[in-house]
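Q: Add chain B to chain A, keeping to what the hints say.
So the sequence lines, in the order shown, correspond to chains A and B. Heads up: the first sequence at position 228 corresponds to 228 in the numbering used here, and the numbers run straight through without jumps. Heads up: the second sequence at position 49 corresponds to 49 in the numbering used here, and the numbers run straight through without jumps.
It is worth saying that the hints were derived from the structure and are not from the lab. Each residue gets a CB set at the ideal place from its N, CA and C atoms; glycine is no exception. Among these hints, one or two may not hold up.
[To be verified] Only part of the chain B face toward chain A is listed, based on derived beta-carbon distances under 7 Å: (1) 30; (2) 36; (3) 41; (4) 47; (5) 50; (6) 61; (7) 65; (8) 68; (9) 72; (10) 234; (11) 246.
[Claimed, not checked] Restricting the straight-line Cα-Cα distance to at most 35 Å, the calculated cross-link-like pairs of lysine-lysine (DSBU-like) are: (12) A/155 with B/118; (13) A/193 with A/10; (14) B/247 with B/150; (15) A/27 with A/193; (16) A/32 with B/46; (17) B/46 with A/13; (18) B/46 with A/315; (19) A/267 with A/327; (20) A/13 with B/247; (21) A/71 with B/46; (22) A/50 with A/32; (23) B/150 with A/32; (24) A/156 with A/71; (25) A/267 with B/46; (26) A/13 with B/220; (27) A/327 with A/193; (28) A/10 with B/220; (29) A/267 with A/156; (30) A/13 with A/387; (31) A/32 with B/247; (32) A/71 with B/220; (33) B/247 with A/193; (34) A/303 with B/46.
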Amino acid sequence: MELPKDFEVKLQKEIPTREFTLRVFPKRQIPKVFWYEDELVCTLAYQDHKAPLIFVIAGTGASHNTPQMQKLQNVLYQAGFHVISLTSPTHMDFVVNASIGLPGDPLDDARDLYRVMELAYEKVRGKIDVSEFALSGYSLGAFNAAFVAKLDEEKKLFNFRKVLLINPPVSLYDSVSALDQLLVENVPGGMEKIELWFRNVLAEFSTVTKELEHTELSGDFLYNTYKRLPPSEENLAALIGLAFRMNSANMIFAADVMNGGGYIVPKNAQLSATTSLTRYAMVSYNTSLIDYFNEYLFPYCQKRDPNLTSQTILKRMSLRYIEPYLKSTGKIGLIHNEDDIILIPGDIDYLQGVFGNRARIFPTGGHMGNMFHPDVVSFMIDFLTRKEK
Amino acid sequence: MEFVTEQMKLVTIVVSAMLLMCGCSILPQTSSDTIPPLRTYEDVVKGDSPHLLEVSDSIEGFNRGTNRFNYYFDEYLFLPVVRGYEFILPDYVEDRVSNAIDNISEFGNFTNNIYQLKLKAAGITLSRFVVNSTVGIAGLWDPAGTWGLKRQSEDFGKTLGHYGVGNGSYIVLPIMGPSNVRDTTGLIADTAAFSLAGPAAWVNNTGITTAFSGTSAVDKRHRIPLRYGQTGSPFEYELLRMMYTMKRDCDIAN
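So that you can see chain A by itself, here it is in the shape it has in the complex:
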């Protein structure tokens, strides 16, 4: 859960921002079923003087302008950065507009992100005065940032001075399993009863919201009303799991359509703007990210490179894969919480060992629940702006 507003760092009311769009692959024909997709949207917050530019990568299934991304942008802007906010490579918009293959392989995702960052900088460089570059991200976005930083050491386009990882998973596969278990283990009566549970939760919300005037159907509907309910651990855990499952479903469906189908949608079939997607939605919501890894992504990787085994791919989906780099470079810092639900036992010790004094581990805070606590923010800003002698 999020930090109550009173404990949060003060945000500036309005900061100068503008949205801009990128056509990453000018020749790409976007399938008709994604009629609402046009170009990849990013946000820029800009200083009126020479300043460092920081890229921020959103977490799983999140877009460039979620409330969390906006707050992070605000905090970094106040610390003196130009900020470019990027949609996660696991979000439908990114998959449709900017991914080359299937999302989920950290090396491919890093290459896709790097291409987008290059184009984004190209687009804004005439308008802002940049002194140097930095990079950050939270959750999966932090995991992506680590791999992008590594890629930049070869490509040397940005030469990031600082990279800050906020609550990354150590092993993507482990974290994804943990999140999926939240759903599977906490729905009362098991997954077969999920619809009954969901109906009850919504009915409860509805009773609560009836007291509020002008309650209209909205994206914030669940979130806002949830805050008014007495918290139940199981419901909360299951809702987090459900949100994660729904985000993954969006990505899996989009990835399948963009790669010709065969997993969720039929191969060699055309979906149009009026095609009913209900059955594909049902299948997607009944597909966990682990299913996707095992049944679709791994065979896809192996087809490209027959030498790969499931084991080697699994190894690649972990910060351990780039451990020597993470250990040796001084530019990458880390913020994490001991009670983060996406970690498994041993992960915190591992991270502490790899990042040493570049890591700041808080005893509580959950998965980014303390991201805008003044102590956390001051560590973030201090790490990003400190000049090493």
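A: The following block gives chain B in isolation, referenced to the frame of chain A:
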């Protein structure tokens, strides 16, 4: 009930006309080399049908087309107008407009509470109207609400639901968005009552009624935070359909 049957007939005629106008297929276009996917609906989806997501939707092709129209209408016309409205008026004035419109629309709450024999709620609605129209100066403020007389929202769709009328097929209305046969019937009935026997008839001035309808449409959109594309999901149509249906079910049950 005869009136209701008449309205039902009207909706049926309108819906069939819509169906005829629209030949949009809801099935994917296949060819001889189409291969079924690895995960099929039949293999993967367990449990009793229909599922929450599978709402009765007999004119889905048309609905998806209308949904697309609404998306563009919202983006290029409706929201720019709403943003202009929000830019010109201070928040405080916007809230006064919302209150005044709510006050006038208490008429529908009153009649529908009566239809459902919710006499206490009807009484509260009447008191609210009297208090807010006088002490609240033509409904610009809501003193009744602060005294504990909460708004008792009802509409004819809910009245029909109250008496056991089922949803009927889902319908996406142009501009107004998610609805179903029952609620569309309700909307027509409420609109008819409002203009034939309600505030519009009392005023009996086309200019004022038109200005009211326009302002109330902008005010309504201003108050609904929904933005198309906000879910970030390729299944936004399904999600909206499910949420609308569940929300109305809950509202009727309460």
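Q: With reference to the structure, classify each hint as holding or not holding.
A: Results of checking the hints against the structure:
| no. | hint | in the structure |
| --- | --- | --- |
| 1 | 30 | 5 Å, holds |
| 2 | 36 | 5 Å, holds |
| 3 | 41 | 4 Å, holds |
| 4 | 47 | 6 Å, holds |
| 5 | 50 | 10 Å, violated |
| 6 | 61 | 5 Å, holds |
| 7 | 65 | 6 Å, holds |
| 8 | 68 | 6 Å, holds |
| 9 | 72 | 9 Å, violated |
| 10 | 234 | 5 Å, holds |
| 11 | 246 | 5 Å, holds |
| 12 | A/155 with B/118 | 71 Å, violated |
| 13 | A/193 with A/10 | 43 Å, violated |
| 14 | B/247 with B/150 | 20 Å, holds |
| 15 | A/27 with A/193 | 46 Å, violated |
| 16 | A/32 with B/46 | 30 Å, holds |
| 17 | B/46 with A/13 | 49 Å, violated |
| 18 | B/46 with A/315 | 33 Å, holds |
| 19 | A/267 with A/327 | 44 Å, violated |
| 20 | A/13 with B/247 | 34 Å, holds |
| 21 | A/71 with B/46 | 41 Å, violated |
| 22 | A/50 with A/32 | 43 Å, violated |
| 23 | B/150 with A/32 | 47 Å, violated |
| 24 | A/156 with A/71 | 29 Å, holds |
| 25 | A/267 with B/46 | 23 Å, holds |
| 26 | A/13 with B/220 | 26 Å, holds |
| 27 | A/327 with A/193 | 46 Å, violated |
| 28 | A/10 with B/220 | 32 Å, holds |
| 29 | A/267 with A/156 | 40 Å, violated |
| 30 | A/13 with A/387 | 29 Å, holds |
| 31 | A/32 with B/247 | 30 Å, holds |
| 32 | A/71 with B/220 | 28 Å, holds |
| 33 | B/247 with A/193 | 20 Å, holds |
| 34 | A/303 with B/46 | 31 Å, holds |
Consistency note: the structure conflicts with the earlier hints numbered 5, 9, 12, 13, 15, 17, 19, 21, 22, 23, 27 and 29.
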